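Colleague: For reference, the chains in residue letters:
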Amino acid sequence: MLSSKGQISAEIIIAVIVMLILFVIVLANNFAMESSSSDVASSINDKKECIRFAYLISQVYSSGDGSTASFDLENSATIYSTQKTITINQESCYFLAPTSNYSFSKGKLTLFNVDGNILMVMQ
Amino acid sequence: MKKGQISSIDALIAILIFVLVISAIRTIWLDNVNTTYKNANYTEMSLSSQQAFDILTKTRGWPENWEANTVFIIGLADKPNVLSETKINIFESIPYADAKEMLSLQKYDFSFDINSINPSYNKHIGSSLDGNIIVSLNKRVIYKGGEAIVTFKVFTS
Numbered sequence: 001m002l003s004s005k006g007q008i009s010a011e012i013i014i015a016v017i018v019m020l021i022l023f024v025i026v027l028a029n030n031f032a033m034e035s036s037s038s039d040v041a042s043s044i045n046d047k048k049e050c051i052r053f054a055y056l057i058s059q060v061y062s063s064g065d066g067s068t069a070s071f072d073l074e075n076s077a078t079i080y081s082t083q084k085t086i087t088i089n090q091e092s093c094y095f096l097a098p099t100s101n102y103s104f105s106k107g108k109l110t111l112f113n114v115d116g117n118i119l120m121v122m123q
Numbered sequence: 001m002k003k004g005q006i007s008s009i010d011a012l013i014a015i016l017i018f019v020l021v022i023s024a025i026r027t028i029w030l031d032n033v034n035t036t037y038k039n040a041n042y043t044e045m046s047l048s049s050q051q052a053f054d055i056l057t058k059t060r061g062w063p064e065n066w067e068a069n070t071v072f073i074i075g076l077a078d079k080p081n082v083l084s085e086t087k088i089n090i091f092e093s094i095p096y097a098d099a100k101e102m103l104s105l106q107k108y109d110f111s112f113d114i115n116s117i118n119p120s121y122n123k124h125i126g127s128s129l130d131g132n133i134i135v136s137l138n139k140r141v142i143y144k145g146g147e148a149i150v151t152f153k154v155f156t157s
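Protein chains in written order, with our numbering: chain A, 1 to 123; chain B, 1 to 157.
Okay, chain B solo, but in the shape it has when bound:
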């Protein structure tokens, strides 16, 4: 080999390193984009869950005396954090897919549980499955004249 020349093996190694570096940059970038999307989706999921939970436990819904066939927004409270037994029974009778839509949770699954001091008052409404990402919210409410804990879970299946 003459002075100042490069061997074809050196050139190939250099090109290979170059391709690897470019690929690594691209992979890292795609990974960052995915993470950003995942974070945005999780933020959306947690805010959607929080808004549905607030509406369920703090409002009467719309119209205020809604029935299964007239409901536009499901609210289960007589007063904030005081749940209506009648409305919970109607909520239980609404088909799951319709309930998801009315709670603006089309993209997710949900479960709504009431755990009372008296176990016969306990309720489970919604999906029984557990998904990948879970947002779990709970609060103390008044139900049937006594204290109860409401747990609202939202997840992706």
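Pulled out of the complex, with its shape left as it was, chain A reads as follows:
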């Protein structure tokens, strides 16, 4: 080599490559954890909403004829009366009350106990 001006050593190049690889690993790890965290949070929120809703239906039933309650549904929900199951997105949970099949989108619901049957109306 005629001149050493402006040259960098092979060690520096290797160090930069190693740092870049480590940076990519950190970035990939971070991305994987972030997307996984968001899935976990969303599934837990759906589950929580499902069990709160199921519990409320059962409470309106156990409180007897004439009792009412309201519930803010943050996601779409489907109620299967014979299986006594509510499904919100991928999560499902159980309630204990005689009712009908319903399918609701997001919104405010009112629950009525009419002669031991639970009626639900979207406002």
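Some clues are possibly wrong.
[Unchecked claim] A few chain A residues that face chain B, going by a derived Cβ cut-off under 10 Å, partial list only:
| hint | residue |
| --- | --- |
| 1 | S37 |
| 2 | T85 |
| 3 | A97 |
Since the hints were made in silico from the structure, they are not lab data.
What you are looking at is a predicted structure, and each value in this text was computed from that prediction instead of being measured.
Here a beta-carbon is modelled for each residue, glycine too, at the ideal position from N, C-alpha and C.
Guided by the hints, dock chain B onto chain A, whose structure is given.
Modeller: Coordinates of chain B only, in the frame set by chain A:
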């Protein structure tokens, strides 16, 4: 070694520390996820237990005059907190797996105990095993004309 160079041992130690830090972060994160899931499962278990206990002790069930072969929802009360002897006897005759399903406790095991002042009125329905996480609920009720304590336990096996 020339000035400004690092030895390969230093580089290896640095990479090792880096890998350890990343692994520790990942382990802590996974641990947090597990704890969050466990908390959510426990909340589900305690609310399912509470709803089954309320339905059993406060309602007549569905249909109101249910029999073992017609029951859709098991309720043991004539009036809230006044238990029906007839319904408790029918409840006792329902196969355990069916009772779990009717109480929406498919994922768990349960036991239902009545402890009366008169020991001959005492009842035990459900599983006799004790599991890992227990939700234990109890209340004072009227059974066979006298006071009794009902204990409802739900657990994972």
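Colleague: Hint by hint, say whether it matches the structure.
Modeller: Hints, one by one, checked against the model:
1. S37: Holds - the Cβ of S37 (chain A) comes within 10 Å of chain B, reaching about 8 Å at its closest.
2. T85: holds (8 Å)
3. A97: holds (7 Å)
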